[in-house]
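Undergrad: This is what each chain is made of:
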Amino acid sequence: MSGVSRVRMVFADAAGHRREIEHAPGCSVMEAAVEHEIAGIEAQCYGAAVCGTCHVYVEAERFADTGSRSPWEVEMLDALALSRPNSRLSCQIRVDAAIDGMVFTLPERQDALA
Amino acid sequence: MSPHAGSLPGHVPPARVIDLDVYNPSPELDDPAEAWAKLHDREEAILWTRGNGGHWIATRGSSIKAILEDHESFSSNVLMVPRERGLSNLLPTAADPPRHRPFRMLIQQALTPAAVRELEAGIREMSRSLIAGIAPRGRADFMADFASQLPTGVFLKLANLPVSDFPLLYGWMESVMRPDGSADQGELMQRFADYLLPILRERKANPGSDVMSAIATAVIDGQPISEDDAVNMATTLVLGGLDTVAALMSFAWDYLARDPDLQVLLVAHPERIRDAVEEVCRRFPVGTNTRVTARDTQIDGVTIKAGDLVTTPQILHALDPREYTDPMRFDIDRQTGGYSSFGHGVHRCPGSFLGKVELRIALEEWLAAIPSFRIAEGARVRVSPGVTAGIFSLPLSWQA
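Chains A and B supply the protein sequences, listed in that same order.
If you're matching positions, the first sequence starts at 43 in our numbering and goes up one per residue.
If you're matching positions, the second sequence starts at 1156 in our numbering and goes up one per residue.
Keep in mind that the hints were calculated from the coordinates and are not lab data.
No experiment lies behind these values; they were computed from the predicted model shown.
A couple of the hints might just be wrong.
Label-pair distances were calculated between CB atoms; the ranges are [what the hints assert, rightly or not]:
no.: 1; chain 1: A; residue 1: E79; chain 2: B; residue 2: Q1378; range: 33 to 39 angstroms
no.: 2; chain 1: A; residue 1: E150; chain 2: B; residue 2: S1548; range: 50 to 56 angstroms
no.: 3; chain 1: B; residue 1: P1291; chain 2: A; residue 2: G143; range: 37 to 43 angstroms
no.: 4; chain 1: B; residue 1: T1458; chain 2: A; residue 2: G58; range: 51 to 57 angstroms
From the three backbone atoms N, C-alpha and C, an ideal C-beta is built for every residue, glycine too.
Given these sequences and hints, build the entire structure.
TA: Quick look at the structure:
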């Protein structure tokens, strides 16, 4: 249907395989990834930011485009072994025009926080 | 005046005070949506009602989201108003971090997207079989004949509970979620416990792959889960899982029955059913959450004092004109998201993905078999308000 602008997102796994998806804005990057069955976004808690299994690395130079991290998200990311300075929980990033074309790199595995 | 009226605490500005029962905001209306929407005529983002013992009501999408995301300022230790009905033992729902985490991880294992995908074929099969039974009749009470059956079937399968126990469990759940003042809540909780404890003990001895077995055999912080904690987890699952999806479906079919153009569009473009599901979730949230303030917090220029109760009726986010253009209108082209219908923060509904999948599959199968339907002539359709709201009698008819 026309009128709905789609946002493009690229998911790159640790081996370098890339998949591009298009999704309507509004929901979270995690929800868009789950709907497109992106392997590597497990999203066990589906948006509560408690499990750490929708972890992604965002493009460092476009980090600010993904919005700000809440203290809670930072706490969760700090507890993840594979966390890096450009880590985000994709359930906490909103799909909107600011992230159009963004590459989300997946960690080599998703470790659920115990 | 609402029941349980409380006296006004000194820190509540009188200009913010209203009289409203959040569980029954407009006894005179068949659909309370307009009564809720009227609160948006006011400038404030948080009001105080004298109803149900006296508590705050967050009235905007922004204040609702801020409160639900801030578990440090707003504790889940009271989940209902008035305070004495607070359901404070439910797990993980009434627990705050860090105690919350192991219980939440336990419950969500059964509901991950990967686990739900495994259930999809069964949900489709169940939908088809229910629809095959009613389609030739040309009429049905949607709730009795379909919406109460499908999610219940899925839930009972997940929990491996006998279908014959459903009326019993459903009755207790209704008394908690749509209280009429006749039942003592402590007594109701005890009924759940008396029912669930023997089942949990049996599953602990002979565990299966169901969610009750997972609860019964769980290890929490290195120790086997206590019987009390197991019962409180299992009770939450029944309260949260038994009728929320059915209620969501009742709103969806009520709306769709009155919009023949949308029926035509979705039949021609079934790929748009996903967008319809999103808009159902945005426009027809079923719940009202409660939090108890843990530390004095400023919201919208007022101090919410430690100990104050705050409710967040999800529908006030849905109908907030600052969040959505023409919010009453159902519009599948809306770019939704961000709604409060499944909550926010660490307690966000762990079953939301399952609920949306059930709704999508049910719509796909229903429209394939019954492409055109309407509200049965002469039927009076009423929204039953409550902690969770729904339309519990929805007579539909179609050309068989």
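Undergrad: Does each hint hold? Answer for all of them.
TA: Status of each hint after checking the structure:
no. : hint                                 : result
1   : E79/A / Q1378/B: 33 to 39 angstroms  : holds (37 angstroms)
2   : E150/A / S1548/B: 50 to 56 angstroms : holds (53 angstroms)
3   : P1291/B / G143/A: 37 to 43 angstroms : violated (51 angstroms)
4   : T1458/B / G58/A: 51 to 57 angstroms  : holds (53 angstroms)
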